[in-house]
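There are 2 protein chains.
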Amino acid sequence: MKRKIYLKTTSFKDALHKWASLYSSLPQTETEIIRVEDSLNRVTAEAVFARISSPFYHASAMDGFAVRFEETLGASETTPVRLKLGSQAVPVNTGNPLPEGFNAVVMVEDVHQEEDFIIINAPLTPYQNVRAVGEDIVKTELILPENHIIRPVDIAALLAGGHTEVKVRGKPLVGVIPTGDEVVEPGTALKPGNIIEFNSRMIASMTELWGGRCVREDITPDDKGLIREKLLSMLKRCDFVVVIAGSSVGTKDHAPELLGELGEVLVHGVNIKPGKPLLLANIEGKPVMGLPGYPVSAYLTFEFFARPLIYHLQGLRAPEYQTIKARLSRPVYSILGQTEFLRVKVGRVSKGFVASPVGRGAGAIMTLQRADGIVVIPEGSEGIGQSVEVDVRLLRSKEEIENTIVCIGSHDNCLDLMANFLKKRHPLYSLSSAHLGSMGGIVAIKQSQAHIAGTHLLDEATGQYNIPYIKRLLKGISLVLINLVYRMQGFIVKKGNPKNIQSVDDLLRDDITFINRQAGSGTRVLTDKLLRERDIDPSTIKGYNREEYTHMGVASAVASGVADVGMGILTAAVSLGLDFVPIAKERYDIIIPLEHLERPMIQALLDIIRNDKEFHSAILEAGGYDISDIGKVVYEQ
Amino acid sequence: MKRKIYLKTTSFKDALHKWASLYSSLPQTETEIIRVEDSLNRVTAEAVFARISSPFYHASAMDGFAVRFEETLGASETTPVRLKLGSQAVPVNTGNPLPEGFNAVVMVEDVHQEEDFIIINAPLTPYQNVRAVGEDIVKTELILPENHIIRPVDIAALLAGGHTEVKVRGKPLVGVIPTGDEVVEPGTALKPGNIIEFNSRMIASMTELWGGRCVREDITPDDKGLIREKLLSMLKRCDFVVVIAGSSVGTKDHAPELLGELGEVLVHGVNIKPGKPLLLANIEGKPVMGLPGYPVSAYLTFEFFARPLIYHLQGLRAPEYQTIKARLSRPVYSILGQTEFLRVKVGRVSKGFVASPVGRGAGAIMTLQRADGIVVIPEGSEGIGQSVEVDVRLLRSKEEIENTIVCIGSHDNCLDLMANFLKKRHPLYSLSSAHLGSMGGIVAIKQSQAHIAGTHLLDEATGQYNIPYIKRLLKGISLVLINLVYRMQGFIVKKGNPKNIQSVDDLLRDDITFINRQAGSGTRVLTDKLLRERDIDPSTIKGYNREEYTHMGVASAVASGVADVGMGILTAAVSLGLDFVPIAKERYDIIIPLEHLERPMIQALLDIIRNDKEFHSAILEAGGYDISDIGKVVYEQ
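Residue numbers (this note's numbering), protein chains in the order written: chain A, 1 to 637; chain B, 1 to 637.
No lab work stands behind these hints, which were simulated from the structure alone. From the three backbone atoms N, C-alpha and C, an ideal C-beta is built for every residue, glycine too. Please note that the accuracy of each hint is not assured.
Stated by the list, open to error - From the derived model, a few chain B residues whose C-beta atoms are all more than 12 Å from chain A:
no., residue
1, Asp63
2, Glu77
3, Arg82
4, Val133
5, Ile137
6, Lys224
7, Leu226
8, Asp253
9, Leu266
10, Pro357
11, Val480
12, Gly553
13, Gly631
Stated by the list, open to error - Simulated crosslink set (DSSO-like; lysine-lysine; CA at most 30 Å straight-line):
no., chain 1, residue 1, chain 2, residue 2
14, A, Lys398, B, Lys398
15, A, Lys167, B, Lys613
16, A, Lys191, B, Lys84
17, A, Lys236, A, Lys325
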């Protein structure tokens, strides 16, 4: 097995530069003529000048009577002027053309009518109450310049200026070729090793947002000849082509060699994380991207490299990213010489925004889906310290972030339900949970990084939940503690409990692999308490050092055979079809500092917790919960 | 002719409130199930939970060999471990499933291969280099809550979570009925009195931007029975219905009476400007709007009243408007008790943004099309003073505004060409011109309200253009004066010059009506100089007091018969097919303060002025220009 290597990795900046050198000389897409009413968000391919004036006739601006201003001169309260209907005054409605020979309009409310005459008490000026020809648009004036994105008001102006059609840039056409022997269409019955092909759909919708459109080939196996054939056919039809996956240096990665044979490889391997195995090429003047297969890598590299190109092809500059300033919640280390795109959750809890880094895996699409923004760590940096102010490129709007309740702390499946019911009842609000364990929640409240925290910490000395910890660790912070649920903790085991695990002592058995929760989680505190009570040395338990961060993570580890047993809540076992050995009933509460309690979004959440029958039913349906005290204040300080 | 009146006008706030009371009780639109790949920007109608885990099998995260971690324990440089290929080590590529019984992956670069064995020098931990089941998504976890707008990354997450279809809210369906005897389809051969029906296309595209869609009836004449018939049919099919025009109190305004007969009129007449003749009704629980026919009124009332409704029907809250703070360039007066929506141009010339009010007519769509934002003058205010800071709701992005050259001063048709070429060559930049005359331009430069100013002021004493004015009025400001063109000023007269106008003295003739330019414009300065030279009293010239603000305005007045003659440039006469009597050749220059000269957008413009052959040709084609000194520095201080 001979290893291929990157020809020579390129810095992010140089890669962008080489790519821009290629595409910036490309002409814009071919123009097309479309109906003005279909032109929303399209880009003008030439300047549009008014064909007609608007109004194109002298129009009455009021309901009233057309008159000759000369005949109204001298009119006053004491010397009213009488004008004969028909010859001297003609009734007109707003928008009516001024009859030939008339040059002003007197408003209906300013005249007194007497048989065949109108009587007026004030003189008029020439063209008073008349919308003269060209008042809005003068024939030949510029309505829209070239390279202008057409808005609703532009559609109005184009039609008013006498246009029914408009010449616009064609939508850039992106050819997409998903490749890979293991890749299957969504909806296929899955076999181990299969990967659902969603990258092409993701980039098609990104392309759509930027004004382009994608044509997609069927999934092509890792066969150089086949990929070549499809690539050549796409190059004929499309403005640029993207080959998904196969851009790295594995045995089945044919793209680098293939693109080299067909044209010039500009870049193979970029010093970015994620996204290193990016391939950029020029085939007969057309840009070709070899996109990494990992979805976060695919997303980010397509964003950085395809976006400016698709805008360029339309005669536009890609708009700047929306950014905000935020302080980093914890230090982050990065590799010198590599540009890293750090996914972060952003919250506004007290003054200013706080950005909390989330998972960094290139394969974890949910880390990107749940992220609020991206922090760029430049290649010259080894990392960023805690509380350092950074620029965050937003993935959600600032408004959404400001209306998001930041919940940090222990994980419970009810949080997913709470998040959903909050959004369902109050579309403006969101709930964002980070599962850092009960202690993590308490620390977050102390550091003003969360609005609320879920906690279930058992105090060994008193047997009390949460309150002793709060008194000790959140001294001086005014808060209320609200009960959410009582829930059952226990051993999550395989369906049918094949290894017959019944008590803590079974964890010591040779044939048992345990899966643990992270230090600081309430579940870990419970586990360690149980071990201490029985004088069990944790190091004698196989798997004790492997930690998961959520109940579902533990359940998933059991379901997939990574472990035989883990401590967790009943709901997690139920939802993955596993069995459960109850160990202890515990109280799960929510800490809310008083400074946040009166915020409308927190009140909205409390109202759901306390009064939403549908929410209550959903919890009970999930199984394993007692909601008899839901929403009750357990403690205040 | 009996006058109808508004039943009772309503304040803006009360109107919004009554409307919200109606629609906020409406259910969301009926749901539909669509393919995930077609779901971009649609709104989830229910929470979506993961159907499968991702990965759903233990996947190798690296190219390398699957091994059992137990068999690697103790491996080191000095005590390497040999594993037999096939039984103890199996080659895997990234993404491959871990073969049954294996639980870690060693990277290809960390092994040495020797015949049928691999040799490793370090032990592995359980599931090292393995993407375990559920590492990205755990089956049953919440992927998207209800009421979530689907983004590209959500499409990826939905597909990865095992969904091929998603339940979304139907697009709100808006029924639109344009009415009016005088209203005609775009493209119809126009007769005086005709109005092109573009309001329905404008609001259809607004609706599209907000996630809804419109169905449109053909134009319906002012016939109450016909309108009733179409309204009833639309009400059956649509979520809400809009009748365009006929909402006021004219004789042909049937909507108020009709809506009162069919349901309940909530509001008729709102104390807003523009937009007063708005009609809001409830017909059998469905919202119906009677929209004013004037396009700016139609736009604004549809924006304020339809937007929140269309969002509500999708389970969303309308996003907040983007706003910026700006200082008002001049005082604005408003009527107490009336909420006014002031259209403004916004520029960033020095520190901070400056908002300059533009035309306030409800019929002038170009004032809205050219506006950068809206300033709301609340009903309790009689106006806003100069330099007062106001909130501007943006109609263009802040980025676009910051990349816009603000040009204030004398009007010349070349400015339209300049605006187009700037956008054509540099899509990032725009040129925005306000035609306030040469003196207006000089004042704007003095007050830092413009980056550049066009001027053609003839100094009577010296016969010199511009420089004496600049020395006197812009003392202390470092600037350059650049020539743009020499151009011909003269009398714009009707085709064939039927009244045989040849000299200034002809203006005194009884049968001649003049059209003037505003005070402070270079053309007015020229006119007044010519009159003084001949000792003519301006008050003896018929029409001297009627002022236009642009050459095209003058030409248009002549073309449409408002006047027989006006002073202006040859180009304006040519473009409306008029005749021209040359009077004087003049120099048209551009003032650029040094503080702006080095800005990239100004340099880009200068490059076009000086070097763009296509731009030069376009000027010459327009006719009447001499560009022999184009771009040359005429003066510096």
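So, going through the hints one by one against the coordinates:
no., hint, result
1, Asp63, "violated, 5 Å"
2, Glu77, "holds, 21 Å"
3, Arg82, "holds, 17 Å"
4, Val133, "violated, 3 Å"
5, Ile137, "violated, 6 Å"
6, Lys224, "holds, 16 Å"
7, Leu226, "holds, 19 Å"
8, Asp253, "violated, 9 Å"
9, Leu266, "holds, 24 Å"
10, Pro357, "holds, 17 Å"
11, Val480, "holds, 25 Å"
12, Gly553, "violated, 7 Å"
13, Gly631, "holds, 21 Å"
14, A:Lys398 / B:Lys398, "holds, 15 Å"
15, A:Lys167 / B:Lys613, "holds, 23 Å"
16, A:Lys191 / B:Lys84, "holds, 27 Å"
17, A:Lys236 / A:Lys325, "violated, 45 Å"
Consistency note: the structure conflicts with the earlier hints numbered 1, 4, 5, 8, 12, 17.
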